[in-house]
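Number of protein chains: 2
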Amino acid sequence: MQKLVECVPNFSEGRNKTVINKIFNAAKKIKGIKVFELESDKSHNRCLFTIVGSPEAVFNSVWESIKVATKLINMERHTGEHPRIGATDVVPFVPVSGVTIQECVILAKKLGQKMARELKIPVYLYEAAATRPGRVNLADVRVGEYEGLKKAIIKNPERKPDYGPSKLHPTAGAIVIGVRKYLVAFNVNLDTRDTSIGKKIAGKIRERGGGLTAVKALGFDVGGYAQVSMNLVDFEKTNFDEAYREIEKWAKTYKVKIKSSEIYGMVPLKSLVKAVKTTFKANTFKSDQVLEERLYE
Amino acid sequence: MQKLVECVPNFSEGRNKTVINKIFNAAKKIKGIKVFELESDKSHNRCLFTIVGSPEAVFNSVWESIKVATKLINMERHTGEHPRIGATDVVPFVPVSGVTIQECVILAKKLGQKMARELKIPVYLYEAAATRPGRVNLADVRVGEYEGLKKAIIKNPERKPDYGPSKLHPTAGAIVIGVRKYLVAFNVNLDTRDTSIGKKIAGKIRERGGGLTAVKALGFDVGGYAQVSMNLVDFEKTNFDEAYREIEKWAKTYKVKIKSSEIYGMVPLKSLVKAVKTTFKANTFKSDQVLEERLYE
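Protein chains in written order, with this note's numbering: chain B, 6 to 302; chain G, 6 to 302.
Hints are supplied without guarantee of correctness; some may be wrong.
No distinction is drawn between identical chains; accordingly, a pair holds when it is met within one copy or between any pair of copies.
Calculated lysine to aspartate or glutamate pairs in the DMTMM-like style (CA-CA distance at most 25 angstroms, straight line) [unchecked claim]:
1. LYS125 - GLU241
2. LYS119 - GLU69
3. LYS286 - GLU267
4. LYS257 - GLU247
5. LYS186 - ASP293
6. LYS286 - GLU247
7. LYS72 - GLU42
8. LYS165 - GLU150
Don't read these hints as lab results, they were simulated from the structure.
Using the sequences and the hints, build the whole thing.
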């Protein structure tokens with residue numbers, strides 16, 4: 006199996022197309038990777054894209070884009086709705102195949118050390134790369150945002166970065182680098198206009214409500230129908246097929262049927278293979294039986 | 006989506022390892038393809054392997070292997086249990102993704118014309134490439150085998166090849182080239198030692214018994230338990246998930262449960278994606294949402 010890592014860098018620029026494209030194109034310069042799904046938002050004043058490839062190539066690609074963002078984005082003049090602390094605000098690495106969380110943590114730390122050394126930017130590690138419990142959640146690391154962190158990083162020993170100076174970079178601020186699992190976005194649409202049922206089922210199936218492990222769920226009104234909208238934050242623990250069956254079970258108690266479902270955005274092959282294994286008891290089924298997968302070897 | 010074709014050439018050599026490897030390695034010489042799953046059988050005296058890649062690269066790869074087989078295999082001295090008419094006996098092309106049956110038929114005909122012109126081998130076209138109804142089935146084309154065809158090709162106008170001389174090549178015989186759909190091999194194991202139930206269900210679900218379209222099924226005794234063993238010859242018509250549910254339905258009538266299932270060998274990503282779409286009503290789900298698939302673009 007090929008070693009594949011995903012990286013989704015978030016930058017504090019969502020308005021200036023020239024700057025956005027320069028950052029995006031810098032990431033594309035590296036061979037042997039794919040860079041796609043460039044998204045930008047004017048009110049958030051933020052952009053992000055996805056890099057996929059071998060660990061080394063992804064590292065080099067995100068590094069190129071960070072160098073450009075550090076030059077072109079000035080946090081002193083940045084405004085936007087979304088919380089942020091730096092020009093390159095967040096860089097999560099995500100293992101896709103043939104790579105462990107631990108290997109990604111090493112990658113994240115290597116990137117942090119390089120940023121501290123070569124760009125003099127303070128670096129915070131989060132989620133699986135976090136060095137203390139208070140830094141696991143991204144929101145906790147970004148408390149006070151760029152403006153608040155400016156003072157706190159100097160005065161408050163709790164806010165001392167993992168790498169680099171205890172002082173924001175004069176224009177690029179600070180950065181959060183970390184490792185998280187692949188997030189599968191999955192929605193199930195119910196055949197009922199009683200949208201309260203969607204909300205009730207969401208409450209039952211989400212982890213916080215005592216439901217399925219690693220499932221975040223909300224009930225929405227989508228076109229007048231009830232929808233259960235989920236983030237599966239660890240599909241190895243609860244995959245989309247298991248969430249579907251659990252919702253189906255609860256829907257039955259409300260005498261409601263499932264109208265459709267949607268996998269939103271990208272999904273790793275491993276998640277499909279696992280769904281097939283579980284649903285059809287195909288216990289020996291493996292990713293490398295998928296013809297297209299063999300083309301990477 | 007990348008254009009992908011599979012080709013599974015069958016050669017009349019299953020005993021001499023040196024010859025088998027020379028044929029296999031010739032196919033591997035072409036860049037941009039994968040050649041794998043070399044299988045050989047001594048009693049059949051036959052080998053086969055799988056080539057996957059772009060239509061052009063697959064064409065060049067199989068051509069290289071055919072040239073070597075034509076030189077090294079002498080049908081005058083060939084014996085084996087499996088029916089055959091030539092050194093390179095059968096060459097099926099199979100569309101995998103981004104390619105139509107029609108494009109594969111053009112490829113098959115191009116290969117046939119090249120073989121006739123450059124190697125003076127008579128060529129028969131079969132299945133989707135067949136030029137007449139009597140040549141759709143491979144078994145019909147191979148009637149009489151090498152020994153019988155030697156005379157028939159000269160005397161019987163019905164046996165005139167589609168391309169090349171109406172006379173066998175002195176050592177390489179003739180060849181059958183064609184186009185078929187991808188075959189998914191799928192077995193369902195029942196939780197019963199009454200193996201007659203497997204046979205009964207196979208009889209119900211197979212197309213010949215008025216069951217599912219494009220499904221061939223047999224009941225077997227596997228380790229003392231009943232198994233329904235299937236060839237899904239057109240998964241666009243009946244995919245493995247549909248066959249599973251149909252077997253589950255029949256099993257219920259016999260008060261028997263499904264113990265496990267197995268996808269045997271390789272399966273195209275499209276088949277997995279279709280199974281997920283159907284089973285979870287994920288109507289908008291597409292292959293290019295699979296992360297790994299994006300790496301080909």
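Run the structure past the numbered hints and jot down the numbers of the failing ones, going up. Hint 1 alone not satisfied by this model.
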